[in-house]
Amino acid sequence: MAIECKNITFGYSKDNILFKNISFSVDYGERVGIVAKSGFGKSTLAKIIAGYEKPLSGEIIVDGKPITKKGYNPVQLIYQHPEKAINPMWKMEKVLLEENVLNDYIINSLGIKKEWLKRYPTELSGGELQRFSVARALCENTKFIIADEITTMVDPITQSQIWHFLIEECQKRNMGMIIVTHNMYLAEKICTRIINLEDMALE
Amino acid sequence: MKNIPEIEIENLSITFKIYEKGLIQKNIKTISNLCLKAYKGEILAVVGSSGSGKSLLAHAIMGILPKNATVTGSIKYKGSELTEKRIHNLRGKEICIIPQSVSYLDPLMKVGSQVMIKNNKSCFEKMRNAFKRYDLCENAEKLYPFQYSGGMARRALISTVEQTEPSVIIADEPTPGLDKQMAYKTMKYFRDFADKGKAVIIITHDIDIAVQYADKVSVFYGGTTLETTKAENFIKGEKYLCHPYTKALYNALPQNGFKPVEGFQPSPYDVFEGCIYYDRCDIRCEKCKENIPIYNFPDGSGFVRCINGY
Ligand SMILES: Nc1ncnc2c1ncn2[C@@H]1O[C@H](COP(=O)(O)OP(=O)(O)OP(=O)(O)O)[C@@H](O)[C@H]1O
Ligand SMILES: Nc1ncnc2c1ncn2[C@@H]1O[C@H](COP(=O)(O)OP(=O)(O)OP(=O)(O)O)[C@@H](O)[C@H]1O
Ligand code: SF4
Ligand SMILES: [Mg+2]
Ligand SMILES: [Mg+2]
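Residue numbers (this note's numbering), protein chains in the order written: chain A, 47 to 249; chain B, 184 to 493.
Just so you know, the hints here were simulated from the structure itself, not pulled from any lab data. Worth double-checking, as some hints may not be accurate.
[Unchecked claim] Label pairs and their in silico Cβ distance ranges:
#	chain 1	residue 1	chain 2	residue 2	range
1	A	N187	B	F307	47 to 53 Å
2	A	D150	B	Q208	27 to 33 Å
3	B	N303	A	E214	53 to 59 Å
4	A	R239	B	K442	20 to 26 Å
Every residue gets a Cβ at the ideal spot worked out from N, C-alpha and C, and that includes glycine.
Turn these sequences into a full structure, and let the hints guide you.
Written out as structure tokens, the structure reads:
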């Protein structure tokens with residue numbers, strides 16, 4: 047089992063628990079859909095799995111070892127709102143260079159145009175910006191991708207292109223994926239398995 | 184004859200002045216020759232390619248484009264030109280926008296109080312009613328934006344239009360990240376609003392949801408409109424849609440085949456003659472490299488920009 051979430055309990059304060067004892071695992075090559083109502087804690091769980099937030103109890107195990115803060119994070123999180131996840135003071139080129147993914151293959155496959163590299167985030171449309179967040183998650187060392195509602199801000203054709211590309215990359219590199227979405231039609235097309243967190247919390 | 188549109192846009196073009204490598208100035212035309220009409224009692228859904236100019240259009244109407252943008256063509260409100268001075272007085276009162284980016288929420292202010300345009304009882308009640316409708320509890324009023332989930336932030340933005348009694352609402356992607364039920368509730372609010380004789384323009388990628396409530400759909404690509412058609416045609420099926428791009432958009436929805444299309448929308452740097460969809464179109468021919476006429480539908484419900492007409 048490549049990523050294991052073991053009995054994760056979390057609340058932003060101790061007297062306000064969001065979810066209790068969430069456990070599941072995701073193997074390489076799997077694309078696991080995560081669904082639950084708005085405000086349940088999906089994005090929070092995504093941050094915990096990527097190591098940006100500590101659970102109150104439980105642990106995240108990657109390849110048999112607890113996640114650490116050191117070195118490159120093999121679990122890459124693509125955020126729900128790119129405008130909040132990309133430094134507004136940086137030109138786009140710098141955003142990609144930081145993660146070392148200024149690579150023609152990725153840029154071309156995602157339809158990122160060279161002229162956008164010279165711009166600031168506010169000078170791009172929502173969907174254009176989201177392609178950069180996808181690109182920057184695809185560093186060579188990435189083993190897992192957590193995709194938090196990543197294509198709600200693009201048109202259906204671009205959505206289909208991005209997913210076909212991401213699925214192909216995942217298969218080529220044998221990465222695993224966790225996919226958060228409210229769109230059940232989309233989940234059924236792209237996921238190998240779907241977990242409803244609300245059901246799990248009831249058990 | 185139909186009544187005067189609430190918003191009428193004719194031959195709108197938006198050009199950005201960009202400085203590259205030192206002082207070489209470039210003009211990039213992001214919107215060209217765009218026409219659009221929004222009527223009282225109707226919802227117009229604006230759909231189409233990412234980066235096709237949908238948000239810029241909304242910002243142009245609201246008069247909030249960045250300084251390096253030049254606008255030509257005409258934007259009319261209730262039959263007369265919407266000048267800078269006029270929009271300044273109407274903005275946030277008669278014409279309201281729900282912005283696309285959640286970063287429009289002020290990170291330093293509690294969400295409940297920033298949604299209220301004035302600090303009085305009536306604004307407070309309107310805020311509380313709207314929050315209730317969108318399942319934001321009283322506790323949520325007191326939180327800061329960083330304590331909100333993605334969907335909650337979206338719902339707070341939607342609540343802002345209930346503060347005044349506008350005659351036009353422009354909603355720039357109001358439903359991404361909302362579950363079906365909440366998205367329907369939002370669209371239902373816009374439907375009721377339109378039914379009161381107001382005009383609504385909804386920019387959206389949630390085509391399947393929007394067409395169930397909208398009257399017309401305008402399809403954008405590369406800074407212009409390729410087709411405007413009745414919303415019901417998206418429900419009836421692909422063969423009721425005319426433009427090859429509109430059909431492709433329909434077929435790319437996960438429930439309709441999830442079919443991608445090779446290639447990408449051209450950049451405004453590419454100089455174009457003929458059809459802007461040429462390099463991705465399955466049925467292109469030599470004639471498509473020339474000027475493309477606009478075919479108006481005989482019943483007056485819309486138009487298509489393709490040599491194959493309707
Ligand atoms: N930094 C924070 N501090 C305090 N509370 C927070 C914080 N971030 C989120 N919350 C709260 O935690 C809950 C879960 O938020 P989260 O963003 O994980 O939800 P979500 O399931 O991703 O929802 P959505 O589908 O709307 O994106 C919400 O009630 C939210 O108000
Ligand atoms: N300040 C700017 N300077 C230069 N170009 C810009 C600027 N703002 C937007 N653009 C460009 O104008 C085009 C239209 O942008 P707009 O934000 O209107 O797209 P959109 O249709 O709303 O897309 P999305 O669906 O992704 O939100 C894009 O290609 C974008 O890169
Ligand atoms: S004008 Fe020609 S290239 Fe353009 S959409 Fe119509 S058939 Fe295709
Ligand atoms: Mg979320
Ligand atoms: Mg936009």
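Going through the hints against the structure:
no.	hint	verdict
1	N187(A) with F307(B): 47 to 53 Å	holds, 51 Å
2	D150(A) with Q208(B): 27 to 33 Å	holds, 28 Å
3	N303(B) with E214(A): 53 to 59 Å	holds, 56 Å
4	R239(A) with K442(B): 20 to 26 Å	holds, 24 Å
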